[in-house]
Amino acid sequence: MDFSQTHFELFGLPATYALDRAKLDAAYRELQNTVHPDRFAAQPEAEQRVAMQWAARVNEAYQALKHPVNRGVYLLHLQGIDALDASNTKMAPAFLMQQMEWREAIDEARKSGSVAALDALSDDLRAAHRRIEAHLAERLDIAHDFEAASEAVRQLRFMDKLIAEIGDVYEELES
Amino acid sequence: MALLQISEPGMSTAPHQHRLAVGIDLGTTNSLVATVRSGLAVVLDDEAGRSLLPSVVRYHTNGATDVGFTAQSAQNIDPRNTIVSVKRFMGRGVADIEDAASLPYRFVDAPGMVQLKTAAGVKSPVEVSAEILKVLRERAEVSLGGELVGAVITVPAYFDDAQRQATKDAAQLAGLNVLRLLNEPTAAAIAYGLDNASEGVYAVYDLGGGTFDISILRLSKGVFEVLSTNGDSALGGDDFDQRIFCWMLEQGRFAPLCAGDARLLLTKARDAKEALTEHTDVRVTAMLSTGEMMDATLTQTAFNAMTASLVGKTLAPTRKALRDAGLAVDEVKGVVMVGGSTRMPCIRQAVADFFGQTPLTNLDPDKVVALGAAMQADVLAGNRAGDDWLLLDVIPLSLGLETMGGLTEKVIPRNTTIPTARAQDFTTFKDGQTAMGVHVLQGERELASDCRSLARFELRGIPPMVAGAARIRVTFQVDADGLLSVSAREQSSGVEASVQVKPSYGLGDDDITRMLKDAFTHAKDDMYARALNEQVVDAQGLIAATRAALAEDGALIDAAETAEIEAAIAALEKLISSPDVEPNHHLVIKRGIEALNAVTTGFAQRRMDRNVRRAMAGQKLETFG
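Chains A and U supply the protein sequences, listed in that same order.
One point on numbering: in this note's numbering, the residue at position 40 of the first sequence is 40, and numbering is uninterrupted.
One point on numbering: in this note's numbering, the residue at position 495 of the second sequence is 495, and numbering is uninterrupted.
These are calculated hints, taken from the structure and not from any lab test.
Worth double-checking, as some hints may not be accurate.
[To be verified] PhoX-like cross-link-like pairs, simulated, lysine-lysine; straight-line CA separation at most 20 Å:
#1 K313(U) with K23(A)
#2 K410(U) with K161(A)
#3 K590(U) with K574(U)
#4 K23(A) with K66(A)
All chains should be modelled from the sequences, with the hints used to inform the complete structure.
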């Protein structure tokens with residue numbers, strides 16, 4: 001196993017934030033078909049062990065590229081930047097304001113027990129998520145503006161937390 | 001340049017004898033064994049032509065056991081020594097069993113897993129399950145006419161590490177080589193998916209006797225990718241019986257029941273539930289040992305009302321699974337029903353309403369898991385070309401560690417595809433701290449005390465440093481069976497500690513050895529002869545596989561490495577050709593096998609690297625072609 005190989009090289013993909021998801025999925029399936037332990041269950045232990053290590057590596061790489069936040073973090077990491085560094089909390093005031101509004105809206109939906117309000121909020125958040133992803137792709141792939149890209153990654157992570165909170169409220173309302 | 005060889009489609013490259021492998025569905029209520037015969041998955045019946053084996057074990061004073069129908073028919077007369085639904089106790093402590101007080105058993109609160117006091121002594125749920133597995137193994141060996149190469153054993157997808165480990169221990173105790181632990185909904189998906197050549201997102205709703213699982217899978221070009229799974233490992237048909245049982249107590253106003261009468265009423269409750277599958281009402285009659293009578297009519301409407309909350313308890317995990325998969329209800333193309341409890345009309349209706357479509361029920365819900373497991377066993381045993389399908393499964397519950405203040409730090413989140421490995425760095429809390437306790441947890445809750453404790457171990461010998469200076473890397477590894485191992489290493493000194501996650505809720509190797517000895521004193525089998533034979537067969541297989549690999553890919557390694565491998569082969573051959581020179585000869589052979597495996601690791605890695613390059617080269621041609 002060549003650990004100097006990047007996740008992108010492993011899947012034979014260009015190292016960009018913009019991603020051809022179909023190609024990633026096809027390469028992932030092809031690699032797992034080759035290395036998965038189920039392919040070696042009747043083989044000697046040494047081969048089974050190597051298969052498990054490889055399959056774990058391929059899974060890790062796939063997770064890192066598949067998820068919007070992870071992919072941003074990984075690309076910035078390749079540039080020597082820790083986007084989620086705890087000391088780096090810079091965030092545009094407008095985004096913070098928007099954040100607070102969403103939080104309040106989630107709270108209201110919880111109190112009023114309105115599933116319809118939650119549904120609408122979910123749609124809003126997902127649309128905003130996609131807009132930030134597009135912005136991140138432009139900053140990273142074209143402008144090579146790593147500072148703005150790091151901020152976009154942090155924003156996406158905030159959004160993921162909000163989406164998870166909505167999930168918790170759904171659960172509360174359902175039980 | 002040498003030309004690459006390509007075999008005929010559907011033929012394996014090295015034609016060999018069909019290897020006998022089975023799939024076993026070790027269920028709460030019933031168990032089954034299936035195999036693939038002439039390319040077709042079939043359930044193996046007993047001599048009387050019955051395919052289901054009731055998961056019931058009765059212990060006699062002389063140590064003998066009855067398993068299956070004989071035991072089942074004795075449960076009213078000998079309830080304390082007749083263990084039913086033992087799966088509910090696997091990997092569980094007394095505190096985990098909510099209805100322990102209403103069960104007729106004498107529980108022993110052993111550290112780790114609960115144990116049961118029987119006429120034949122104290123038994124662990126692992127031993128009880130092993131009795132069931134032994135009967136199925138014998139059924140398969142008689143039916144197939146030979147020793148099994150191995151078995152795929154199914155477990156509920158929502159089983160945690162302790163429950164999985166307990167299941168694997170039981171199989172080992174029953175003399176089975178476990179090819180894989182396979183999640184029940186995934187097994188069902190294989191049977192269904194391959195039958196219908198499906199593509200798209202499917203939900204598998206699996207309500208068994210004692211467990212509920214929901215799995216969301218994407219089927220694409222022969223890959224079964226589990227997107228999410230959820231469930232309740234203590235919810236099943238038994239709970240529906242319990243509701244009828246409570247209704248009976250209300251109707252009959254009986255004096256406190258003895259164990260036999262309680263068991264009788266539970267049996268009647270199950271009969272009534274099954275009758276309501278086809279009738280709108282059922283008359284329930286029983287005569288207790290006290291002479292009290294039960295005679296009342298239960299309508300389907302009343303039954304639906306008393307069990308509505310149970311049905312609701314299956315829908316909450318279903319919603320969670322969909323949310324974790326990031327999917328809406330209308331993106332699910334089909335819903336597969338698995339488990340005998342999905343025969344209940346109220347369940348079918350609730351699932352149809354929830355998903356807005358009629359669920360698929362064309363395969364027998366009792367058999368579909370065993371059939372899928374048999375198909376996977378056939379692949380894993382090496383009987384197929386191997387590129388037919390691939391399963392990518394997930395862990396059902398997050399794995400993590402306890403940190404300062406009793407909080408849980410998640411290392412591997414739930415629904416992570418396995419196998420997987422994750423490392424996370426931790427540091428010391430006090431100046432000069434030289435040891436660190438590692439407490440491994442499973443669950444979603446924030447407080448460590450609310451999660452399941454899987455294991456504790458200590459990393460000692462950390463060089464004294466100021467607080468926060470040490471870098472302790474804890475690595476979690478989950479294998480293809482979903483089983484966890486954890487290791488910890490101090491980065492600057494290289495001090496290391498690791499644990500196979502077994503101690504607190506599974507059984508140690510010593511326990512297994514003791515139980516194996518106990519088991520064999522009652523059996524005609526000679527444990528030693530069997531162990532020696534197993535090692536010889538393993539060694540021969542390893543030598544043949546290594547030789548084949550050398551013949552095919554010898555060019556990948558240099559002369560020195562080849563010589564080293566040849567020497568290890570020769571040494572192992574010498575060991576198996578001079579059997580029985582000492583009483584522990586099987587252990588000597590085992591070490592020879594380990595030695596050969598160790599020297600071939602580098603070779604295996606290079607073969608895999610080459611395979612990956614080939615696969616990716618083909619991939620590029622496909623994408624750009």
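Here's how the hints hold up against the structure:
1. Our distance criterion of 20 Å between C-alpha atoms is broken by K313(U) and K23(A), whose separation comes to about 39 Å.
2. With a CA separation close to 15 Å, the supplied pair K410(U) and K161(A) stays within the 20 Å bound.
3. Between K590(U) and K574(U) the CA atoms are separated by roughly 13 Å; this keeps the pair inside 20 Å, and the hint holds.
4. Using a Cα cut-off of 20 Å, the hinted pair K23(A) and K66(A) holds, with the two alpha carbons roughly 11 Å apart.
The structure does not agree with numbered hint 1 stated previously, though it agrees with all others.
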